[in-house]
Amino acid sequence: MIDKRVASVAEALVGVADGATVLVGGFGAVGQPNALIEGLIEQGATDLTIVANNAGTGRVGLARLMELGRVRKIICSFPRSAGSVVFEELFRAGRLELEIVPQGTLAERLRAAGAGVPAFFTPTGVGTLLAAGKEERTIQGRRCILEQALHGDVALVEAWRADRWGNLVYRSSGRNFNPVMATAATLTVAQTQHLAELGELDPDAIVTPGIFVNRVVHIPYGDPAS
Amino acid sequence: MTQTPAPLSRPQMAARLARDIPQGWYVNLGIGIPTMVADHMAPDREVIFHSENGLLGMGPAPAADAIDPWLINAGKQHVTLLPGGSYFHQADSFAIIRGGHLDLCVLGAFEVAQNGDVANWATSANDSAPAVGGAMDLSAGARNLWVLMEHTTKDGQPKLVTTCSYPLTALGVVSRVYTNLAVIDVTPRGFVLVEKIDGLSLESLAARTGAPIHLPA
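One line per chain: the protein sequences are A and B, in this order.
Per the numbering used here, the first sequence starts with residue 1, numbered consecutively.
Per the numbering used here, the second sequence starts with residue 1001, numbered consecutively.
Next up, chain A with everything else stripped away, as it sits in the complex (with noise of 0.2 angstroms):
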């Protein structure tokens, strides 16, 4: 029988290497896979590269991972916020490397990598600071820059349920960049509101196919903080 709920978000987490990139869902805190974050401070990986589209605000959560200099990088596309006071004091001290990249083109990076596409040609940024380095082609008239996928190690998402299989279902806006990232990783981790019987989600409303998912726990939090 395939089941890929664990017990424990300790369990969920288990492998997850020193230097290992990961990719972690949500916008704002709306869909943000908190308890895992919560127990990737617990699980003691450091030098981690963080993909992420913001770069986390107070002193929990993704914050809470940075001040502990667990955080080698981050690659985002907004990580000045309200609140966003731990990157800030990082980053000016020269404590943390910023890779900040257009919203558009992280989700695109990510998609490219979930579908085995290596690099891809896009007009955002062209002539722009985010070029920098970055190969030029002129197609269909239009300049272009090249862009490479974004893979992640692991991958943590949330869920708004779940089933045995890892078909996963999101809910309203927190959906965002967690079915993206769930497809671009080798280890994708999904916290989930409710687990589901197999059968019992509808497969019409699947977002995330259980191909994707390696491991599912059980983490019924309650609603994103306002």
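Just so you know, the hints here were simulated from the structure itself, not pulled from any lab data.
Heads up, none of these hints are tricks.
Derived Cβ-Cβ restraints for the label pairs, each shown as a range:
no. : chain 1 : residue 1 : chain 2 : residue 2 : range
1   : B       : Trp1025   : A       : Arg137    : 30 to 36 angstroms
2   : B       : His1040   : A       : Val117    : 39 to 45 angstroms
3   : B       : Trp1025   : A       : Ala205    : 26 to 32 angstroms
4   : B       : Ala1006   : A       : Gly133    : 44 to 50 angstroms
5   : A       : His218    : B       : Gly1100   : 37 to 43 angstroms
In this text the structure is predicted, and so the values were computed from the model without any measurement.
Cβ coordinates follow ideal geometry from the N, Cα and C atoms, glycine included.
Here the structure of chain A is known, so what remains is to put chain B in place on it, guided by the hints.
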């Protein structure tokens, strides 16, 4: 000594731009004054709003007792979803943007140049922590890019310029600029005046603009 006419307030700027959005357009509104455009759409004109984090058919802010904590916009504010609205993931959301499916994006900006270049994401090449979000994707991908911003900076420097001095967001993409003083098209000739607020002379507008303003041919 002539009196300087009062510039438009931010809600008036948003309302002025909203009047020009045709029925049926799919529209993305940037953070800041552009977000206010949604509040000024005529109720009988159906326009569908997109939000980068994965919504089409975004509605207004909910009443305080009707907030859905799972439903936010790209500015991380609580919003609503209208009947007919849909959710999708980031790659699909940016396929909408980058694939040329949006009729219009309205962005705020630090500067717009007379060739349509826009700068709106970083204030210097060594900004301590720049944050680009979806601005470069929207600028490159939307069929029409309109900028909604004050005509000058707080200390009176022009924001419509010959060449942007801030780091660029995209090259040659802005087609129209709505400010608190005027509506200006960006054309192969440069800036062309569409309208200005009542009582403002062309000379006075030109003095607040960093590049020539042409009259319509």
